[in-house]
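Student: Got two chains here, each in a separate frame; can you build the complex from them with the hints?
Chains as they are written, first to last, in our numbering: chain L, 1 to 421; chain B, 422 to 640.
Simulated from the structure, these hints should not be mistaken for lab results. Any given hint could turn out to be false.
Unchecked claim - Some residues of chain B that are not near chain L, with every Cβ distance over 12 Å (derived):
(1) Leu438
(2) Pro440
(3) Gly447
(4) Pro569
(5) Gly590
To be verified - To be clear about the criterion: a stretch of chain L counts as covered by chain B if any three or more of its residues have a C-beta under 8 Å from a C-beta of chain B, and this derived list gives those stretches:
(6) 115 to 121
(7) 242 to 249
(8) 256 to 264
(9) 358 to 368
(10) 382 to 394
Every residue, glycine too, gets a C-beta built ideally from N, C-alpha and C.
These are the residues of each chain, in order.
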Amino acid sequence: MSDQAPKNPVAPINGNLRADKVRAGDLRGIDELDTPPMRLQFGPSHPATHGTVKITLDLEGEKVVWSDVEVGYLHRGFEKECETGYYYQNIPYTDRLNYSSPILNNIGYCMAVEKLFGIVTPPRCDYLRVIAGEISRLADHMLCIGASAMELAAFTPMLYLIEGRELMLDLTDALCGARVTTNFIRIGGVSADMPENFRDFAMERIDRAVKLVDDAHKLLTDNPVFRRRMEGTGYLSPKDLVAWGVTGPMLRAGGVPYDIRRVHPYLAYGDLDFEVPVGEHSDNFDRYLVRMAEVKQCRSMILQCFDKLPGGPVDAHDPRVRWPAKGRVFNRMEELIDQFKLVTEGGVAPVGEVYHAVEAANGELGFYMVSDGTGKPWKCRCRAPSFSNMSPLSKMITGGQLADVVPTFGMINMIGGECDR
Amino acid sequence: MTADNLPETPAPPKPELSPLLQKVVGRLGDLVQEHKSASGDDRIHVARENILDAARILRDDPELAFDLLLDITAIDYLGQPDDFATNLEVWDENRATMRRQPQRRHELVLPPRGPDPRFAVVYHLTSTTHSHVLRVKCRVPEDDPVIPSVASLWPGANWLERETFDMYGIRFEGHPDLRRIYLYEEFVGHPLRKDYAKHGEQPIQEYVGPGAKEPRRPH
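One chain only, chain B, in its complex shape (with noise of 0.2 Å):
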């Protein structure tokens, strides 16, 4: 069966939105370009040029309120097509798991990939007076990775943001300190990148950094 003899299915009636994006989205209005309820959690996403006025809402407006950011985290989406989907078949009503195998990933023949740039830079955030979770993501193309930092709104982010810089080459304009937190300075790639291998392995790389020229002990 090919995808043009497939029958017509009629569209899938609108789920209702839950509580919480119901209040999220009737907040932000155009700033969501797309929302999503699955497994119980809430997702929004927002373009990358809005990502501060919508945080902004989100922390200061009281019925949302999410004071605590919990994580800053990215995912890079390499060769995989939009949402993981590989052709029209396995999205079957019937059939919900792929059988796509782990080892032979390479065989397949992936749909290319759609519209959806590389990276998504993932926020994790929370009300402690509300107490509910909201996930909000933000792509990021590869050939400009750069988004604006929250730092400014959250303090917490400083580290969390220079953590996804050092894994994944974000970069956050406005963060008061990027710089690499877990790997040294001189560390070429980015490790969490899909296209890092795992075994990889590169020299240590010498420190010229500031004060590399003098004695190690001046003292």
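Chain L extracted, bound-state conformation (with noise of 0.2 Å):
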């Protein structure tokens, strides 16, 4: 580096005096040695990071001085692309939101509309969609964990809790036949009940793939490389973590135990008897724990969702949402009128506005739709948690070294296809 001022503009550094005067070009009082701080592009696509997001960091030595954080890479408008279809046909842009745990995002989209329709949904179907979704939270905090481990060097529990996620995706394969893009939730209920001895099934497979989690936890909790590079990296007090609009494992490893599940029970979770683990140093290292004290959680209320498993439909089967069977359709004029309303007008919908959220893996998972009294959406909006999750990180990794980066970014979780839309 030279000692003249850099040619590209560097933008402000708060409170660096030095640069300051560097990039004033004037020199005066300075070593000749002092360099201005490096500008670092931080991705957009980085072996160290998963997801498509750009930092740009400016650097003094290993110390991060500004930091700018860029997202939009896999902006795909979600919300434009959903005011064209019908409610019903939307459902598969949701299984590319956050596309780890994609049943989270069914559930959410789904359980808006039918706020605004104002479907019932059966009992079954509730417990149905809590095992699914609960399923779908397993897969996602394993990919989680171990992304993040192997961002750090930890291979090994990556390659455990991948293989975890796997057995869970086994099962999302077993319900509807789709391991990632699953569509698996419909407006009004479920696309079909569960297969036999599903229990049994679900059941070995989660308990291994909780043992692989222990296995992890062995490997990574009180390993020392692992506990130095997360203990105190990426701290946010539990008040800017309210502020800035952070919800999920985040918030709750700073100490705050807003949990949508708890909050707003929403299913069939108020019937369930579960905790919600919080942290108290708010740092990476307890946002790592809050989502392992969370995997055992899921794995409990499985279980429970399958003993008081009641039986019945799972379906509402309401004629303004949901195609009627296709032998009543060729045989029954209801039913042919109901398909071909379906068809070429859509699921008429109320005049109105909701907004109903759920607890999805990285926080709370929103959906506002505005209705014109059309079958299709005015306005479908998604409150992604990725996305206000996202937005303190540079005010998180500023005034730390290069290398905390890595732990934070990671253990934000930043999913793309929900943060970008």
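Tutor: So this is what it looks like as structure tokens:
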């Protein structure tokens, strides 16, 4: 580096007098060895991040003195697309929001539409949704911990946890025939009841997956290298977490017990007995521990759901949103009309607007639907947890070491599909 | 049946305010232009000049304590009458849902726009202590799409307001760093506005920002 002021205009560095003087060309009183801060482009596709995001860093040695986070590399117009489809046609798009836990997105969207239409789902459907959603949450947490550990050069836990995630994807496969792009939840119900013997099949696989998580826990939690990189890094005070709109495991790691499943119980969560794990230090290590504890809670919730699973239908079969069975369409008048109306004008929603939020793997996933009284939403807004959780990243990494960027980003668990929509 | 010979129906009794709206309306007083509870959601309308005052009270009052800003977005009511009304007939009690066909929306003769401006900025607030949710709406006119920024109260509003600016072109006054967040700076138009065609394509514009004339890799 030369002793000249940098050619590229460098963004302001708060409170860094030396860098400001160098930029202004005023080199008096500055040691000749002093260099202007180095501009580092971290991303958009970087091997140490799992997600497409560009972080611009100004470094003095290893210290981050200024940073800027740019998202939007995966923006594909989710909301515009939803405005041009019928309500039931938009469910597959929601699979692509948070693609590591797609069923939770399906649930969020469908529950918002049900609230708009005023549909009440049968109890068996609620329990099945909880089972499917918690399986999805298990898969998401395993992927998050595994990928973050791998970025900190701990490769073996990643292999264990990816194996556990594969077991969870097998269960999604058994439920709906797809591993990632599930499209399992429908408005007013689920696409199909669970297969026979699903309980034994699921519990055996979940127990294996939890054992793999335990193995990873033995490798990571007391590992001095892992702890030194996680403890105390990425700190944000609980007050700041709330002010920045952070939700989910990140907020709970700061000691704020805000969990939608507890404060606004939906589906069957009001009947289940579960704990909301909270941390106390609000650093990356506590975020990791909260996710580890949630894995245990997920297993317990799924077991309780299997025990309490009521009988009955799994679908409300509301003709405004659900296609009738083909055999009935071909033989009966009413069902033929229903199908014709659904194809030509979609289910007609009442005029109004609703907001409904569910607890997704990364935090509060809300859908805000505005209906103008036709079959297509006038507006379909997705409140994505990753987006709000990413916004304080710049604040969290500025002032720290370059190496702390990686675990902080990993524990935010930014999913491009959801953050950029 | 036309509007003239409709029988005089007595005005429906004023619905009871929900417990949250009682507190909010009692505390904000005249700042609330309109309030409504529907489908379990509570919402208030606030004039855009008053949004900062109202937001400060909502955040700081211990009874309300809306400390967590969930979401900021906007709605574009282009060409639609207020509250999406079509005509009096469809508001008949027995026919709550409308008979409007989506394909034929352009054929319908809609009543003219009411006094409400084209855009509405929508805030969703919640409280980590009382865990209630409130929606605040502010109408913003088309010819002057400006609204005060709430980023000074909730720093999380920073990115949400940038996104709303990017998608709807609504400018937030007092925002620390208002630039596009998803799309690139040279993009023309605001894609979530209703007059931006879904299939509207535009060539990628040349980069004109800082350092554009320098070689791509100076080192």
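Student: Checked against the structure, which of the hints given earlier come out wrong?
Tutor: none
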